[in-house]
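Trainee: In case you want the letters, here they are:
Protein chains: 2
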Amino acid sequence: MNDKLPAHDWPTLARTLFTVLAAVVAMASLASCAAPKAEGLSGPLVIERQGSFFVGGRELRSDTLSTLPPFAPSGTITVDQMYVHYQVPTAANRVPMVLIHGCCLTGTSWETTPDGRMGWDEFFVRRGHPTHVIDQAWRGRSAVDPTTAISIKMGKTPPQQMPAVFAAGHEGAWKIFRFGPAYTQAFDGLQFPLASQAELWKQMVPDWNAALPQPNPTVSALSQLATRLRSAVLVSHSQSGIYPFQTAALSTQGIAGIVALEPGSCPAADSNMQPYVGLPVLLLFGDFVEQSTDWWVPRFKACENFVNALNLAGGKAEIMRLPDVGFSGNSHMMMQDRNSLDVAEWLDRWIARRIEGR
Amino acid sequence: MNDKLPAHDWPTLARTLFTVLAAVVAMASLASCAAPKAEGLSGPLVIERQGSFFVGGRELRSDTLSTLPPFAPSGTITVDQMYVHYQVPTAANRVPMVLIHGCCLTGTSWETTPDGRMGWDEFFVRRGHPTHVIDQAWRGRSAVDPTTAISIKMGKTPPQQMPAVFAAGHEGAWKIFRFGPAYTQAFDGLQFPLASQAELWKQMVPDWNAALPQPNPTVSALSQLATRLRSAVLVSHSQSGIYPFQTAALSTQGIAGIVALEPGSCPAADSNMQPYVGLPVLLLFGDFVEQSTDWWVPRFKACENFVNALNLAGGKAEIMRLPDVGFSGNSHMMMQDRNSLDVAEWLDRWIARRIEGR
Numbered sequence: 000m001n002d003k004l005p006a007h008d009w010p011t012l013a014r015t016l017f018t019v020l021a022a023v024v025a026m027a028s029l030a031s032c033a034a035p036k037a038e039g040l041s042g043p044l045v046i047e048r049q050g051s052f053f054v055g056g057r058e059l060r061s062d063t064l065s066t067l068p069p070f071a072p073s074g075t076i077t078v079d080q081m082y083v084h085y086q087v088p089t090a091a092n093r094v095p096m097v098l099i100h101g102c103c104l105t106g107t108s109w110e111t112t113p114d115g116r117m118g119w120d121e122f123f124v125r126r127g128h129p130t131h132v133i134d135q136a137w138r139g140r141s142a143v144d145p146t147t148a149i150s151i152k153m154g155k156t157p158p159q160q161m162p163a164v165f166a167a168g169h170e171g172a173w174k175i176f177r178f179g180p181a182y183t184q185a186f187d188g189l190q191f192p193l194a195s196q197a198e199l200w201k202q203m204v205p206d207w208n209a210a211l212p213q214p215n216p217t218v219s220a221l222s223q224l225a226t227r228l229r230s231a232v233l234v235s236h237s238q239s240g241i242y243p244f245q246t247a248a249l250s251t252q253g254i255a256g257i258v259a260l261e262p263g264s265c266p267a268a269d270s271n272m273q274p275y276v277g278l279p280v281l282l283l284f285g286d287f288v289e290q291s292t293d294w295w296v297p298r299f300k301a302c303e304n305f306v307n308a309l310n311l312a313g314g315k316a317e318i319m320r321l322p323d324v325g326f327s328g329n330s331h332m333m334m335q336d337r338n339s340l341d342v343a344e345w346l347d348r349w350i351a352r353r354i355e356g357r
Numbered sequence: 000m001n002d003k004l005p006a007h008d009w010p011t012l013a014r015t016l017f018t019v020l021a022a023v024v025a026m027a028s029l030a031s032c033a034a035p036k037a038e039g040l041s042g043p044l045v046i047e048r049q050g051s052f053f054v055g056g057r058e059l060r061s062d063t064l065s066t067l068p069p070f071a072p073s074g075t076i077t078v079d080q081m082y083v084h085y086q087v088p089t090a091a092n093r094v095p096m097v098l099i100h101g102c103c104l105t106g107t108s109w110e111t112t113p114d115g116r117m118g119w120d121e122f123f124v125r126r127g128h129p130t131h132v133i134d135q136a137w138r139g140r141s142a143v144d145p146t147t148a149i150s151i152k153m154g155k156t157p158p159q160q161m162p163a164v165f166a167a168g169h170e171g172a173w174k175i176f177r178f179g180p181a182y183t184q185a186f187d188g189l190q191f192p193l194a195s196q197a198e199l200w201k202q203m204v205p206d207w208n209a210a211l212p213q214p215n216p217t218v219s220a221l222s223q224l225a226t227r228l229r230s231a232v233l234v235s236h237s238q239s240g241i242y243p244f245q246t247a248a249l250s251t252q253g254i255a256g257i258v259a260l261e262p263g264s265c266p267a268a269d270s271n272m273q274p275y276v277g278l279p280v281l282l283l284f285g286d287f288v289e290q291s292t293d294w295w296v297p298r299f300k301a302c303e304n305f306v307n308a309l310n311l312a313g314g315k316a317e318i319m320r321l322p323d324v325g326f327s328g329n330s331h332m333m334m335q336d337r338n339s340l341d342v343a344e345w346l347d348r349w350i351a352r353r354i355e356g357r
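Respectively, the protein sequence lines represent chains Y and P. Just so you know, we're using numbering that gives the first Met the number 0 here: the first sequence kicks off at 0 and counts up by one. Just so you know, we're using numbering that gives the first Met the number 0 here: the second sequence kicks off at 0 and counts up by one.
Excised from the complex, chain Y in its bound form:
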């Protein structure tokens, strides 16, 4: 990893120390984490409490709420809130988890896999973690602000000002999710259950991420949620990869650690590392990264640079690919791959060691 370090003029001693430290951490990970099998997951699930709530949100007064006769165009709505669904097991003796979905998806990413197996939401509950699955602001059960779209329909706002919503097509998603080199072609040994791909496509929703107000309400809501939970691992995926870091930059209160699964972006290697220095951080990628030269190779490299910079600043971050720890064939959707629960088991052991100090 270290040959990717940015070309700063670091003192030789620091550089050497860091190289040794990184090697030790990597070896420790490899030694204890070779592809465990998830077991003990059958039998009834016993829940202490479950439910849902919202975090954040603001009231918005608008005169463009409706063009339909029975519903008033003027009034107050609430937008920017973040939906949270949670389950707490009876024997909750582990650190709480917050599962944050990626682009064009909702919290369903973590629920039942496309081929009908247990999702990571239930896995972590069964392992003793109070588990929280969110829908990002403006996605899923978290309301979109529709007032500009309605204003355009009314002729009050130019159509070019339509918020930048987009839908990811199956064809493009196929490549970004690393199912194969080109649409309908699969990588050899791919773990994603392609026979059930239709169910994944149904999980996808339009993405209003580019239209969100700034600062991003999902990030401030995650900060509020972490504070409320007192100690939580923020687990991001893909487009949300940067969110736990942005949350930590607001405040580290309540953040026990960060797990970024295939982050679409990481903090810049030359940015302020202080918010993350005290946090256990894992950046975890699947297989076939090096075959995604236009999309994932540059993203992996940028994240590697971030990890190196963070560790040099005194942090305790790791970046790895699942093949490095004994898994092969994993796609971008590792929580839905055929070996998803084995990957979850590996991650749970990482959390126990690095975050809970077990």
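The reader is advised that the hints may include incorrect statements.
Unchecked claim - SDA-like mimics (lysine to any residue), calculated; alpha carbons at most 25 Å apart, straight line:
1. K174(Y) / F70(P)
2. K36(Y) / I46(P)
3. K155(Y) / T66(P)
These are calculated hints, taken from the structure and not from any lab test.
With chain Y held as given, fit chain P onto it using these hints.
Mentor: Here is chain P on its own, set in the frame of chain Y:
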């Protein structure tokens, strides 16, 4: 109820028979159902299995998927599918339930109440029912089709053709939800937990109902779901009130009964009653209906006419207001009112008697 019968020229005998029958049914309901208290709901919840899946959906090829550089404008997306979240208790000895939310809301309606109490989703699981909470097509976790909005942004479609989405303002919802006669004024004895109203407002999302393709994909998805479940009670709320009847008109397969909570509309009294004749049907309203002269009084009357016509055709339908069976102060959001679990208990007993024949 019978003085509201439509002015058809029915034979006197049928009319008399119907009047007697309706009275017997109403008395039986009153005798056995006076405001029971929900009990035995504490302690751990034991789940046999849980998860989510989608029903329905179609592939849509479009050239207006995106205006953002990294995402292709052309490709295939999946739309019109319906999200289903379910829990099956270990001792599932009761009829499966499907909980269908109303206007401007999602499946969160049935989850934790705004003031943090158990939702009807968990209540029915604890009472032994496999319970299914859906998000209607184009709502919540069920994807909206964004292609027309994006085409408008691209200048390819006139802005007037923006699909008719609307957001219900707090002010208008206050009256339709029957919290009081005017915004911020509450009815005496109102059961809705107004101190937590902000949480209800956060549950609300833009409603694309008027823009849905026809036939309504939620209805065909409900039919597929009922068929899959083999025997299910379809429980609708408000705007979705007509859906279980439209579902039954497609096919009665898998429909064990229909419970319409405060239906916004009912089948016309002069329409074909045959699809509903064999089904136990309950139309249940809260309190203060007669004070909503412009909204709920005409809707209640139209539904009463439907019930009368259905029973005359040999059906077994009931329409009642919660005050008729011993509850007072209930709003339109009876599943979130302070006495929500007592109302659920009453409903569960009705289901046991009328649908399960216990």
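Trainee: Run every hint past the structure and note whether it holds.
Mentor: Status of the hints after comparison with the structure:
no., hint, verdict
1, K174(Y) / F70(P), "11 Å, holds"
2, K36(Y) / I46(P), "23 Å, holds"
3, K155(Y) / T66(P), "21 Å, holds"
In summary, the structure agrees with every hint in the numbered list given earlier.
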